[in-house]
Amino acid sequence: MKHAASFRDPAGFVFEHRGRLLRQVNAAGVADYDSLMQSGLYEQLTGQHLLIPHREVEIEGLPPDADRRLVIEPDRVRTISYPYEWGFSQLQDAALTTLAVQAEALRHGLTLKDASAYNIQFHEGRPLLIDTLSFEKYTPSSPWAAYRQFCQHFLAPLALMSQVDVDLGKLLLVHLDGVPLPLAAKLLPRRARLSPGLAMHLFLHARAQSRTPQAASAAGPGSHRRLSQSGLEGLVDSLTRTVRGLRWRGGKTEWGDYYNATNYSATAFEHKQAVVASFLDEVRPQTVWDLGANTGQFSRLAGDRGIHTVSFDIDPVAVEANYRLVRDRREPNILPLLLDLTNPSPAIGWANAERSSLAQRGRADLVMALALVHHLAISNNLPLASIAAYFAALGRHLVVEFIPKSDSKVQILLATRPDIFPDYTMAGFERAFAQHFQIVKKLPVKNSERTLYLMENLMEKA
Amino acid sequence: MKHLLAYLDPGAGSMLIQSIIGGVLGLAYAGRKTLHRVIGALRKKDSTEKS
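Taken in order, these protein sequences are the chains called F and R. Position one of the first sequence corresponds to residue 1 (this note's numbering), numbered consecutively onward. Position one of the second sequence corresponds to residue 1 (this note's numbering), numbered consecutively onward.
Hints in this document: simulated from the structure, not taken from any laboratory.
Here are the computed distance ranges between Cβ atoms for each label pair:
no.: 1; chain 1: F; residue 1: R76; chain 2: R; residue 2: S47; range: 45 to 51 Å
no.: 2; chain 1: F; residue 1: H49; chain 2: R; residue 2: L42; range: 32 to 38 Å
no.: 3; chain 1: R; residue 1: D9; chain 2: F; residue 2: R193; range: 23 to 29 Å
For each residue, glycine too, the CB sits at the ideal point set by N, CA and C.
Please construct the entire structure, taking both the sequences and the accompanying hints into account.
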């Protein structure tokens, strides 16, 4: 079963067979694959955690295919994520990874055919290249075919996030092949031109794109353009310095300060952590999705237990802070991602099937929804039954916190509007969730008015 | 120069840009590398002389 996003490259494609993720190498791709493996580049890159390792395998029961030469099985990335779900530093690190791979490839006589952000995934906490067939032999004097794609997928969105607004990363949701350079050039402030790197790779590049007629490429794209190897090395180095130099002065949003401004007493917080930890120890999940995770305080209860944990939050400041912790502490089990639960990542691309929606990447063994439901039910007017239904689509077990109207946090939400939520009570909450879950445990949080629940999806019992 | 497997459209303008800025960037990069090597060698010489 061919993967819905793997169809453009004649060198090979990714497919699933009896639950295994495999990559077929076609006749067209074998020579370059051999170069990758025999030049020493494969060892260099996998040794530096820049490329996903793989094994060559023999597979029984595949349909006949005259093109097939070889099948390889790469290590599996636990959770697939997309560039429009990444925070600033995650996109920046993904860009730097791409450039590091290209620099290393050139040292071995190879070059990257493409520089798509979708070729990078976070594996064990760090970004790496998953497309093993992205390499081809370097032809001396040829310019980098992937330069345009790199600037659109990485440089343009990073520049916009850094110099205009961090939310502009979401443009990648709309532009499947990266932000068009003329668009980025129009949106960036004038002072962005002062950066030599942006002046060249973004502004000048944008003008060259709109001015060069398509007829010129009739002779074969750039067939007459020359770039020496040292010029290409200089180009890669310049892109690296430009990307590194982009900074996001992340301002404080309402969530950045959450744990300081909260009404938790230390006792309540510690008790809540202990209860959540006990739930994790009881269920022993393999994957956890922490919804509304903020900076990952509770995600780390799972991550520290060796559980692969995805830490979702709507706030880019929180996701950024979380990722910096992951990076500084070298945590292998936490993946911070941006998510607006009221408008989660949709399935996009050709036939709306190239990039999966959030739910399509589940279900997780356990979903955590701590200090979250009141935002959905009250701020977003979502019926409790509907919230329960969506949580049931996302996970096999649920750890959820109910915060009553008497709690000061909920009082704040109700302060500016009439209370039209008669069903928002503990009884109403339990009734709504009982349609999809069985309540396994129910514990009040000491020194607070909140209650923690451990629930099991009714579909697990069926 | 063949790009048999370059299924990706590199973009005529993008190729043009590279041929224009490549020369300058290549020189600058090579220059920086040499400078660092020289500085590195001088630093080593300095420390061996002192000890």
